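There are 2 protein chains.
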Amino acid sequence: MAIGHTVAAFDAEMRELQATVESMGRIAERQLEMALKVVIDGELQLADQVVAGDAEIDQLEHRVQMMAVRLLALRQPMARDLREVVASLKIAGNMERIGDFARGIARRAAVLADLPTPPPVRSLTWMGQSVVTMVRDVTTAYVKQDPDLAMAVRNRDGEVDAAYTALFRELLTYMMESPQQIGGCTHLLFMAKAIERIGDHATNVAENVCFLVKGALPGEERIKQDLSSFTVLTRKEDPNEG
Amino acid sequence: MAIGHTVAAFDAEMRELQATVESMGRIAERQLEMALKVVIDGELQLADQVVAGDAEIDQLEHRVQMMAVRLLALRQPMARDLREVVASLKIAGNMERIGDFARGIARRAAVLADLPTPPPVRSLTWMGQSVVTMVRDVTTAYVKQDPDLAMAVRNRDGEVDAAYTALFRELLTYMMESPQQIGGCTHLLFMAKAIERIGDHATNVAENVCFLVKGALPGEERIKQDLSSFTVLTRKEDPNEG
Chain A
1 MAIGHTVAAF DAEMRELQAT VESMGRIAER QLEMALKVVI DGELQLADQV
51 VAGDAEIDQL EHRVQMMAVR LLALRQPMAR DLREVVASLK IAGNMERIGD
101 FARGIARRAA VLADLPTPPP VRSLTWMGQS VVTMVRDVTT AYVKQDPDLA
151 MAVRNRDGEV DAAYTALFRE LLTYMMESPQ QIGGCTHLLF MAKAIERIGD
201 HATNVAENVC FLVKGALPGE ERIKQDLSSF TVLTRKEDPN EG
Chain B
1 MAIGHTVAAF DAEMRELQAT VESMGRIAER QLEMALKVVI DGELQLADQV
51 VAGDAEIDQL EHRVQMMAVR LLALRQPMAR DLREVVASLK IAGNMERIGD
101 FARGIARRAA VLADLPTPPP VRSLTWMGQS VVTMVRDVTT AYVKQDPDLA
151 MAVRNRDGEV DAAYTALFRE LLTYMMESPQ QIGGCTHLLF MAKAIERIGD
201 HATNVAENVC FLVKGALPGE ERIKQDLSSF TVLTRKEDPN EG
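For the protein sequence lines, the chains are A and B, in the order given. Here the first sequence is numbered in UniProt numbering, starting from 1 and rising by one per residue. Here the second sequence is numbered in UniProt numbering, starting from 1 and rising by one per residue.
Quick caveat, the hints were computed from the structure, so don't treat them as lab data. Treat the hints with care, since some could be wrong.
Since the list can't tell identical chains apart, any single copy or any two copies may satisfy a pair.
[To be verified] Restricting the straight-line Cα-Cα distance to at most 25 Å, the calculated cross-link-like pairs of lysine to aspartate or glutamate (DMTMM-like) are:
no., residue 1, residue 2
1, Lys-144, Glu-170
2, Lys-144, Glu-56
3, Lys-214, Glu-13
4, Lys-37, Asp-81
5, Lys-144, Asp-81
6, Lys-144, Glu-43
7, Lys-214, Glu-56
8, Lys-144, Asp-41
9, Lys-214, Glu-33
10, Lys-37, Asp-146
11, Lys-214, Glu-43
12, Lys-214, Asp-48
13, Lys-37, Asp-11
14, Lys-144, Asp-48
15, Lys-37, Glu-177
16, Lys-144, Glu-177
17, Lys-37, Glu-13
18, Lys-37, Glu-16
19, Lys-214, Asp-41
20, Lys-144, Glu-22
For clarity, every value in this text was computed on a predicted model and none was experimentally measured.
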């Protein structure tokens, strides 16, 4: 790599790439927070804003891809710089998906609000807040290139998965007791699943922060605690009923 | 770029990268096909195989990332070669997700099979077959670097989204009529959603094939026909009932 203005240009482009990916993370976090306000606090006026705001994240992902190709072609970064470009591409893809899920939650929330008997939306509060914090912290871990913070985010995903499995059972029981709530609860189940998947994407981001700093993805398989796909609830036999 | 054995080594590494991503696509397709056999044809003995097989796709994704970094560092590919490396990274990420969804479908299918009254699993047939074909064709589009085939795959995703929305309504009605089926139908809804998302990932792959060949991602926003997040079904008022 040459000296002088080439190095300065390279540094400026790397900073721009990093700032763009950071923006994606911050916007994704804000989108998710707003989507949760739509569901949990009924702030319906935010729903359209979340749906419209998703296009910005999509555009930023395209920009990251184009910037990465340009950087790789013209600057031929090496070692950690090269890993940063590759990790940024991967992280941008995950942030884009997080934005998609936030949009989906906001859309469904608008539908829920129209139902005569709203389902128990507060059950999403804990999971939602946990995942907002994961997205925030993993974006900071990327900016600060802090693998310890990244691993801490990754380790929290197990709790989110476990909360999702518990909520899945709870909502299924609720639907069986109140079949008029099936529609609403189904949307709530999908929102909970979206939150759980956002946790997975934050985990992927965390793994790429480790790759960026250390040159290797964390090896050991994270223990997956989402057991909802194994969950069966059969309707309780009522001994008084025939 | 030097001549002779350097060029030969570069070509060999590019072919290896491409072959690894192709393998991911072929395995993802096979995993998805097996997962559908578990659900639709009740071939339960395949479920464990699908769950175990997912680790292979995950490992291949790691390998693609390491190969891409190595190629970028040592060979400094340019123009279309560079785009191929970047697109391969992105495509590998999408194939990995497709594998995850196939595993999820297989797991849920094993649960469904234990239910006393199985839900209408055949309703997934059309969507499932469409998406298997999308994954197959988009892998071929990547290998042949054929943007027309890629765009054809992308255009088919609208039908899958529309089928998903129709199925969502159908299953909701079914659950309201037969509350003892709520558990089974919920798993079926999540399987349908997984199939719909696999279609989205195949679409992302298609867009990256276009990027690889043409240097730009397809610009116009694909029309999203998954309207299930707007779907509300309230329980029919029975005029004979009080």
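Taking the hints in turn, this is what the structure says about them:
Taking identical chains as interchangeable, the C-alpha atoms of Lys-144 and Glu-170 are never at most 25 Å apart, the minima being 39 Å within one chain and 49 Å between chains. With identical chains, the CA atoms of Lys-144 and Glu-56 are at most 25 Å apart within one copy only, with a shortest distance of 24 Å there and 32 Å across copies. In this homomeric assembly, Lys-214 and Glu-13 come within 25 Å of each other (Cα to Cα) both inside a single copy, at 22 Å, and across copies, at 24 Å. Neither within a single protomer nor between protomers do Lys-37 and Asp-81 lie at most 25 Å apart by alpha-carbon distance, with minima of 38 Å and 45 Å respectively.
Taking the shortest alpha-carbon separations for Lys-144 and Asp-81, only the intra-copy value of 14 Å comes in at or below 25 Å, while the best inter-copy value is 32 Å. Taking the closest pair of Cα atoms, Lys-144 and Glu-43 never come within 25 Å of each other, the shortest separation being 34 Å inside a single copy and 49 Å across copies. Taking the shortest alpha-carbon separations for Lys-214 and Glu-56, only the inter-copy value of 23 Å comes in at or below 25 Å, while the best intra-copy value is 31 Å. With identical chains, the CA atoms of Lys-144 and Asp-41 are never at most 25 Å apart, being 33 Å at best within one copy and 51 Å at best between copies.
For the identical chains of this complex, Lys-214 and Glu-33 are neighbours neither inside a copy (31 Å) nor across copies (37 Å), given an alpha-carbon limit of 25 Å. In this assembly of identical chains, the alpha carbons of Lys-37 and Asp-146 never lie at most 25 Å apart, being 30 Å within a copy and 44 Å across copies at closest. Taking the shortest alpha-carbon separations for Lys-214 and Glu-43, neither the intra-copy value of 43 Å nor the inter-copy value of 43 Å comes in at or below 25 Å. Taking identical chains as interchangeable, the C-alpha atoms of Lys-214 and Asp-48 are never at most 25 Å apart, the minima being 41 Å within one chain and 34 Å between chains.
Taking the closest pair of Cα atoms, Lys-37 and Asp-11 never come within 25 Å of each other, the shortest separation being 39 Å inside a single copy and 52 Å across copies. Proximity of Lys-144 to Asp-48 under the C-alpha cut-off of 25 Å is found in neither arrangement, the shortest distances being 33 Å within a copy and 41 Å between copies. In this homomeric assembly, Lys-37 and Glu-177 never come within 25 Å of each other (Cα to Cα): the closest approach is 27 Å inside a single copy and 33 Å across copies. For the homomeric pair Lys-144 and Glu-177, neither the shortest alpha-carbon distance inside one copy (49 Å) nor that between copies (54 Å) is at most 25 Å.
Within a single copy, Lys-37 and Glu-13 get their C-alpha atoms no closer than 36 Å, and across copies no closer than 49 Å, so neither meets the 25 Å cut-off. For the identical chains of this complex, Lys-37 and Glu-16 are neighbours neither inside a copy (31 Å) nor across copies (48 Å), given an alpha-carbon limit of 25 Å. Taking identical chains as interchangeable, the C-alpha atoms of Lys-214 and Asp-41 are never at most 25 Å apart, the minima being 42 Å within one chain and 46 Å between chains. Only within a single protomer do Lys-144 and Glu-22 lie at most 25 Å apart by alpha-carbon distance; the minimum there is 11 Å, versus 35 Å between protomers.
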